[in-house]
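Input sequences plus hints: build the corresponding full structure.
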Amino acid sequence: MATKQQSQNAITLKGSAKLVMDYLNFGINSILFQRGIYPPESFKTEEHFGLSILVSTDEKIQQFLQPVLNQMKDWLLDQKIQKMAMVIYNVTTKEVLERWDFKLQYEGSPNDTNSELVGNKDLSTIQKEIRDVLRQICSTVSFLPLLDCPCAFDLQIYTKPEVDVPQEWAETAPSYIANSQELQLRSFSTSLHRMNTVVSYKTDM
Amino acid sequence: MNQSKDNDQTFVIKILDDLRSNNRSKPLRMHFDTSMMGLSSSNDSLLSNKRQRLCSPDLQESMITPEYSPWESRHTKQELVNAKAEIASLQERNTKLFNLKKESDLLFEKEKSALEHNLKKSKLTIDQLDNKLKEIRNDKFNLKVINDNLMKKLETVTEENNFRISNLEKEKKDLEDKLLSVNLEITKYQDEAASRNCADYELNELKQTLRSNENYIEELTSNLRKKQIEINALENDQVKINTANQKIKCLENELALLQENAMMVNTQREKLKRFNSMETELISLRDEVAVYRNDVKQTEILENKVATLESKLNKHGLIEQEALQLRSNLSVSEDRLKKWIDVCREVCENIDENQCYPEYLRYYVDNLKKKDMFVVNEKGELQSSIAQLELKLQQVENELIKSKEQIINATNNNSKHELTIKRLKKQLFMVTWERNDLRELIDSFQKEVTVIGNLNGEDTKMEVLEKAINGYKNRMTQIETDPSLYVSTDNNKRWIEEKNLLLKEKEDLVNKCKQLEHNCAILEDQIDHRALKGDFNLRETKVLHFKMNPASLGFNSYQNELLAAKQEIEKLKERIKAMQEGISINLTQVVDNRVESNASQELEALREKLKTQEIQNQRLREVFKKSSQEFRESVYTLLGYKVDGLQNNMYRLTSQFAFHEEDNLMFQLSEGSMHLLETPFSKTIEDMINLHLGQQHSIPLLLSSLTVDLFSKQSMTVTADSTRFESTIN
Numbered sequence: 001m002a003t004k005q006q007s008q009n010a011i012t013l014k015g016s017a018k019l020v021m022d023y024l025n026f027g028i029n030s031i032l033f034q035r036g037i038y039p040p041e042s043f044k045t046e047e048h049f050g051l052s053i054l055v056s057t058d059e060k061i062q063q064f065l066q067p068v069l070n071q072m073k074d075w076l077l078d079q080k081i082q083k084m085a086m087v088i089y090n091v092t093t094k095e096v097l098e099r100w101d102f103k104l105q106y107e108g109s110p111n112d113t114n115s116e117l118v119g120n121k122d123l124s125t126i127q128k129e130i131r132d133v134l135r136q137i138c139s140t141v142s143f144l145p146l147l148d149c150p151c152a153f154d155l156q157i158y159t160k161p162e163v164d165v166p167q168e169w170a171e172t173a174p175s176y177i178a179n180s181q182e183l184q185l186r187s188f189s190t191s192l193h194r195m196n197t198v199v200s201y202k203t204d205m
Numbered sequence: 206m207n208q209s210k211d212n213d214q215t216f217v218i219k220i221l222d223d224l225r226s227n228n229r230s231k232p233l234r235m236h237f238d239t240s241m242m243g244l245s246s247s248n249d250s251l252l253s254n255k256r257q258r259l260c261s262p263d264l265q266e267s268m269i270t271p272e273y274s275p276w277e278s279r280h281t282k283q284e285l286v287n288a289k290a291e292i293a294s295l296q297e298r299n300t301k302l303f304n305l306k307k308e309s310d311l312l313f314e315k316e317k318s319a320l321e322h323n324l325k326k327s328k329l330t331i332d333q334l335d336n337k338l339k340e341i342r343n344d345k346f347n348l349k350v351i352n353d354n355l356m357k358k359l360e361t362v363t364e365e366n367n368f369r370i371s372n373l374e375k376e377k378k379d380l381e382d383k384l385l386s387v388n389l390e391i392t393k394y395q396d397e398a399a400s401r402n403c404a405d406y407e408l409n410e411l412k413q414t415l416r417s418n419e420n421y422i423e424e425l426t427s428n429l430r431k432k433q434i435e436i437n438a439l440e441n442d443q444v445k446i447n448t449a450n451q452k453i454k455c456l457e458n459e460l461a462l463l464q465e466n467a468m469m470v471n472t473q474r475e476k477l478k479r480f481n482s483m484e485t486e487l488i489s490l491r492d493e494v495a496v497y498r499n500d501v502k503q504t505e506i507l508e509n510k511v512a513t514l515e516s517k518l519n520k521h522g523l524i525e526q527e528a529l530q531l532r533s534n535l536s537v538s539e540d541r542l543k544k545w546i547d548v549c550r551e552v553c554e555n556i557d558e559n560q561c562y563p564e565y566l567r568y569y570v571d572n573l574k575k576k577d578m579f580v581v582n583e584k585g586e587l588q589s590s591i592a593q594l595e596l597k598l599q600q601v602e603n604e605l606i607k608s609k610e611q612i613i614n615a616t617n618n619n620s621k622h623e624l625t626i627k628r629l630k631k632q633l634f635m636v637t638w639e640r641n642d643l644r645e646l647i648d649s650f651q652k653e654v655t656v657i658g659n660l661n662g663e664d665t666k667m668e669v670l671e672k673a674i675n676g677y678k679n680r681m682t683q684i685e686t687d688p689s690l691y692v693s694t695d696n697n698k699r700w701i702e703e704k705n706l707l708l709k710e711k712e713d714l715v716n717k718c719k720q721l722e723h724n725c726a727i728l729e730d731q732i733d734h735r736a737l738k739g740d741f742n743l744r745e746t747k748v749l750h751f752k753m754n755p756a757s758l759g760f761n762s763y764q765n766e767l768l769a770a771k772q773e774i775e776k777l778k779e780r781i782k783a784m785q786e787g788i789s790i791n792l793t794q795v796v797d798n799r800v801e802s803n804a805s806q807e808l809e810a811l812r813e814k815l816k817t818q819e820i821q822n823q824r825l826r827e828v829f830k831k832s833s834q835e836f837r838e839s840v841y842t843l844l845g846y847k848v849d850g851l852q853n854n855m856y857r858l859t860s861q862f863a864f865h866e867e868d869n870l871m872f873q874l875s876e877g878s879m880h881l882l883e884t885p886f887s888k889t890i891e892d893m894i895n896l897h898l899g900q901q902h903s904i905p906l907l908l909s910s911l912t913v914d915l916f917s918k919q920s921m922t923v924t925a926d927s928t929r930f931e932s933t934i935n
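Heads up: the protein sequence lines correspond to chains A and B, in order. Each residue of the first sequence is one higher than the one before, counting from 1 in the numbering used here. Each residue of the second sequence is one higher than the one before, counting from 206 in the numbering used here.
Bear in mind the hints are in silico, worked out from the structure with no lab data behind them. Certain hints may be false.
Unchecked claim - Keeping only pairs whose Cα atoms sit at most 27 Å apart, straight-line, the calculated DSSO-like set for lysine-lysine is: (1) A:Lys80 - B:Lys325; (2) A:Lys94 - B:Lys816; (3) A:Lys94 - B:Lys219; (4) B:Lys782 - A:Lys103; (5) B:Lys747 - A:Lys94; (6) B:Lys219 - B:Lys358; (7) B:Lys752 - A:Lys73; (8) B:Lys771 - B:Lys782; (9) A:Lys18 - B:Lys752; (10) A:Lys60 - B:Lys752; (11) A:Lys94 - B:Lys752; (12) B:Lys747 - A:Lys73; (13) A:Lys14 - B:Lys771; (14) B:Lys325 - A:Lys94; (15) A:Lys202 - B:Lys782; (16) A:Lys80 - B:Lys752; (17) B:Lys219 - A:Lys73; (18) A:Lys202 - B:Lys771; (19) A:Lys103 - B:Lys771; (20) A:Lys160 - B:Lys325.
What the hints assert, rightly or not - Partial list, derived from the structure: chain A residues whose beta carbon lies under 8 Å from chain B: (21) Glu95; (22) Arg99; (23) Cys138; (24) Ile157; (25) Ala178.
Said to hold, decoys possible - Examples of chain B residues lying across from chain A (beta carbon under 8 Å, computed): (26) Tyr565; (27) Lys717; (28) Cys718; (29) Arg735; (30) Leu737; (31) Glu745; (32) Thr746; (33) Leu749; (34) Asn754; (35) Ala756; (36) Phe760; (37) Arg780; (38) Met784; (39) Gln785.
Here the structure is a predicted model, which means the values were calculated and not measured. C-beta atoms are modelled at their ideal positions from N, C-alpha and C, and glycine is treated no differently.
See below:
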């Protein structure tokens, strides 16, 4: 009985990584929609985590997001990622207007081999936590400053130094916001990965 | 009606009077003339007519009879006729009157019967009233009896109640006294509570009984109040009864009056003929009837009162029951009192029943309390003494520990001192031996001096030796006078000083540690804050991004757009210029040519490139400087020579061990080989140059031998200095 229950409640490392990637994907998509970086007509609603989330139908964005997220997933399984930053630039001035930090922490005992790493958190509770964070992301529009200029975004992945840089990737400089205001959103944990979401935005003096 | 009746009655009475008067006048009937005269007022005209008619035959008869004179006869006849007529009329009248009399008799009889009927009725009513009066009297008597009984009962009840109230008040006072005493006892017991659980238990029991007694007292007081209220009600009832009695008296008076009236009626019965009196009696009787009716009403009221009195009686019965309950409560309280007394007896031994008072209990409890207080005080004193003793013990133990430590220290010191003493003894022995030796030497010298005599050359030596001897002596005395302990005490002081210093250092270090921890916390906070702001550890992180990210694409497209827009603007400007110049044929071609010829953008691009190149150059220079510096430093540390590159392929070498900065060698690189140049320093090492360059042809050998030579020289000077220093110390 105990083993059965464990198997029911268990979450594997891959499953956890998939959940994290799903969260990032939907988080990025909803930020893109909520912050008005791309026209709202290029988004469609999809049901995920019990929420209706707007996902971009722009092929370019998907072509960008999918490889990045897949690569990230590989790194995540190797515990190489420290955080992921979604940076929103002003295209004309290249000024950083907003930065969404998705900080990752690895939970669970590191001694175990990756294949045996198993979390014991209920999937529904994890989904509930993710839902709460996604809701919070949607609600940040109320206080974040209006982006009234043409904007573009970039995903910067903060990895460990021993990571090999793939062909289509390049090292870049970290982006800072001068005179920034930060807001820590809720965190969620899959019992293997803990995700802290922080949004930094430029304050108008 | 009465009036009309009266009129009727008067009418009848008048008729009767007339009749009587007629009867009386019967014997005087012959004198009808007078009667006629008397009746004339009442006679009708008819009568006169009849008389007139009667008169006429008389006259006729008189006329007929001639015996007498005619006129007389006539006259007598007339008179006869008249008399006969008169007789007839009188007879008629008599009959009429008789009829009238009969009628009046009938009327009288009728009236009489009616009056008699009335009388009977009135008699009946009187009898009824009499009966009612009797009944009322009986009722009154009964009521009086009942009232008297009630009054007696009331009095008895009030007396009893008063008695009970007084008893209850006494009890209440007693119980209050007891309460007070018990309260005092309770307070005392509460004080004792902690130490005496049994007493506590008793106290609780006493409290409970007290509470029950208090409740009982409250109940009694409430009952008392109720009873007082009832007594007030009874008093009110008494007042009402008094008023009723007064009314009864009034009624009796009225009854007397009625009796008198009845007497009057009896008398008036006899005087039936007197209608007026009858009437008045009737009226009076009616009045009396009205009065009786009132009396009847009053009797009803009295009956109501009787009913109320009966209800009050029932209430009194209830009160009696309550009184019984109170008695039972009294018995219960007496039992409790007995229990109390028993408790008192149990608590206070050697006591009679007569002495069983709360005062004695109080006294006993006071004694107990005093004893307890005394015992508590003693206990406190003993505890304080114990505490003092414990403190003293601790102090003594501490002193013991200290003294043990001191003893250990002292033993240690002793051993040290013994060691030092041994050493000093050895030294002393050595010194004494030396002294003896020296004395012997001096003696021998003196002998020699005495043998040799006065020699000038050796006088000075003697003096020197004597001075040396004096010096030795002084030293000896110093050694002898100096206590050997001095060294050891000095050592102790040193130890203490060192310890203090170390402690101070430790404190400083601890403070520093605290400060550093504080700084650490601040820095961690700052790191957290910076992490929030997007800062990260540059050494341990790599920031990667997808090359074809939307931002870079966006930037590129924007720049392309910008470029296109700029080009278009320029074209348009040129076009405007061309149009202003008046060129209209092949306008676009002309414009394109002009734009290409301007090529200002290319220039700008080249300038940018130049700038970047310059920046790169600068960076390279900096890097070169840094690397060359590092290289030179490494050469200096490894080979011991500072190599300065000068102009014209000249190199200046200065050794690490050179005494002066000017001590350097100059080399010049020419045609692939090094040549030594002459310097002030090179002149001093000509031997070496001849040996290594002239014979062995090796610069490194020269340099290394130079370094060895310089090093040995420097170390020599150092050792010489150190030897000098040591000698000065000795």
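Going down the list of hints, with the structure as the test:
The straight-line distance between the Cα atoms of lysine 80 of chain A and lysine 325 of chain B is roughly 144 Å, outside the 27 Å bound, and the hint therefore fails. With a CA separation close to 21 Å, the supplied pair lysine 94 of chain A and lysine 816 of chain B stays within the 27 Å bound. Restraint check for lysine 94 of chain A and lysine 219 of chain B: not satisfied, since their Cα atoms lie roughly 156 Å apart, outside the 27 Å limit. Taking the CA atoms of lysine 782 of chain B and lysine 103 of chain A, the gap is near 58 Å; set against the 27 Å cutoff, the hint is violated.
Restraint check: the Cα-Cα separation between lysine 747 of chain B and lysine 94 of chain A comes to about 21 Å, which is no more than 27 Å; the hinted pair holds. Straight-line distance between C-alpha atoms of lysine 219 of chain B and lysine 358 of chain B comes to about 68 Å, which puts the hinted pair past the 27 Å bound. Between lysine 752 of chain B and lysine 73 of chain A the CA atoms are separated by roughly 18 Å; this keeps the pair inside 27 Å, and the hint holds. About 16 Å separates the Cα atoms of lysine 771 of chain B and lysine 782 of chain B, which keeps this hinted pair within 27 Å; it holds.
This hinted pair checks out: lysine 18 of chain A and lysine 752 of chain B have alpha carbons roughly 24 Å apart, not beyond 27 Å. Taken as a hint, the lysine 60 of chain A and lysine 752 of chain B pair is honoured in the structure, with Cα atoms around 14 Å apart against an allowance of 27 Å. In summary, the hint linking lysine 94 of chain A to lysine 752 of chain B is supported, as the alpha carbons are separated by about 16 Å, within the 27 Å threshold. Taken as a hint, the lysine 747 of chain B and lysine 73 of chain A pair is honoured in the structure, with Cα atoms around 17 Å apart against an allowance of 27 Å.
At most 27 Å may separate the alpha-carbon atoms for a hinted pair to count; lysine 14 of chain A and lysine 771 of chain B exceed this at roughly 52 Å. Distance restraint check for lysine 325 of chain B and lysine 94 of chain A: the Cα-Cα separation of roughly 144 Å exceeds the 27 Å cut-off, and the hinted pair is therefore not satisfied. Straight-line distance between C-alpha atoms of lysine 202 of chain A and lysine 782 of chain B comes to about 44 Å, which puts the hinted pair past the 27 Å bound. Using a Cα cut-off of 27 Å, the hinted pair lysine 80 of chain A and lysine 752 of chain B holds, with the two alpha carbons roughly 19 Å apart.
Of the supplied pair hints, the one linking lysine 219 of chain B and lysine 73 of chain A is violated, its CA atoms being roughly 155 Å apart against a limit of 27 Å. Taking the CA atoms of lysine 202 of chain A and lysine 771 of chain B, the gap is near 31 Å; set against the 27 Å cutoff, the hint is violated. For the hint linking lysine 103 of chain A to lysine 771 of chain B, the alpha-carbon distance of about 42 Å lies beyond 27 Å, and the restraint is violated. Only pairs whose Cα atoms come within 27 Å are accepted, and lysine 160 of chain A paired with lysine 325 of chain B is rejected, the gap being roughly 147 Å.
The criterion of a C-beta within 8 Å of any C-beta in chain B is not met by glutamate 95 of chain A, whose closest approach is roughly 12 Å, and the hint is violated. Evaluation of the arginine 99 of chain A hint against chain B yields a held restraint, the C-beta minimum of about 6 Å falling below 8 Å. The interface hint given for cysteine 138 of chain A is broken, as the beta carbon of that residue sits about 21 Å from the closest beta carbon of chain B, more than 8 Å. The beta carbon of isoleucine 157 of chain A comes within 5 Å of a beta carbon in chain B, closer than 8 Å, and the hint placing it at the interface holds.
Annotation: interface hint on alanine 178 of chain A violated; nearest CB of chain B at approximately 10 Å, more than 8 Å. A distance limit of 8 Å between C-beta atoms decides the matter here; for tyrosine 565 of chain B the minimum to chain A is near 78 Å, and the interface restraint is violated. The beta carbon of lysine 717 of chain B is not positioned within 8 Å of any beta carbon in chain A (closest approach about 34 Å), and the interface hint is therefore violated. Hint status for cysteine 718 of chain B: violated, given a least beta-carbon distance of 30 Å to chain A, over 8 Å.
Annotation: interface hint on arginine 735 of chain B violated; nearest CB of chain A at approximately 10 Å, more than 8 Å. The closest approach between the C-beta of leucine 737 of chain B and any C-beta of chain A is roughly 5 Å, which is under the 8 Å cut-off, so the hint is satisfied. The interface hint given for glutamate 745 of chain B holds, since its Cβ lies 6 Å from the closest Cβ of chain A, which is under the 8 Å cut-off. The interface hint given for threonine 746 of chain B is met, as the beta carbon of that residue sits about 5 Å from the closest beta carbon of chain A, less than 8 Å.
A distance limit of 8 Å between C-beta atoms decides the matter here; for leucine 749 of chain B the minimum to chain A is near 5 Å, and the interface restraint holds. With its C-beta approaching chain A no nearer than about 5 Å, asparagine 754 of chain B sits inside the 8 Å limit, and its interface hint holds. For alanine 756 of chain B, the interface hint holds, since its Cβ comes within 8 Å of a Cβ in chain A; the closest pair sits about 4 Å apart. The interface hint given for phenylalanine 760 of chain B is met, as the beta carbon of that residue sits about 6 Å from the closest beta carbon of chain A, less than 8 Å.
The closest approach between the C-beta of arginine 780 of chain B and any C-beta of chain A is roughly 27 Å, which is over the 8 Å cut-off, so the hint fails. A cut of 8 Å between beta carbons decides the hint on methionine 784 of chain B: the least distance to chain A is about 32 Å, and the hint is violated. Residue-level restraint check for glutamine 785 of chain B is violated (minimum Cβ-Cβ distance to chain A is 32 Å; threshold 8 Å).
The structure shown violates the earlier hints numbered 1, 3, 4, 6, 13, 14, 15, 17, 18, 19, 20, 21, 23, 25, 26, 27, 28, 29, 37, 38 and 39.
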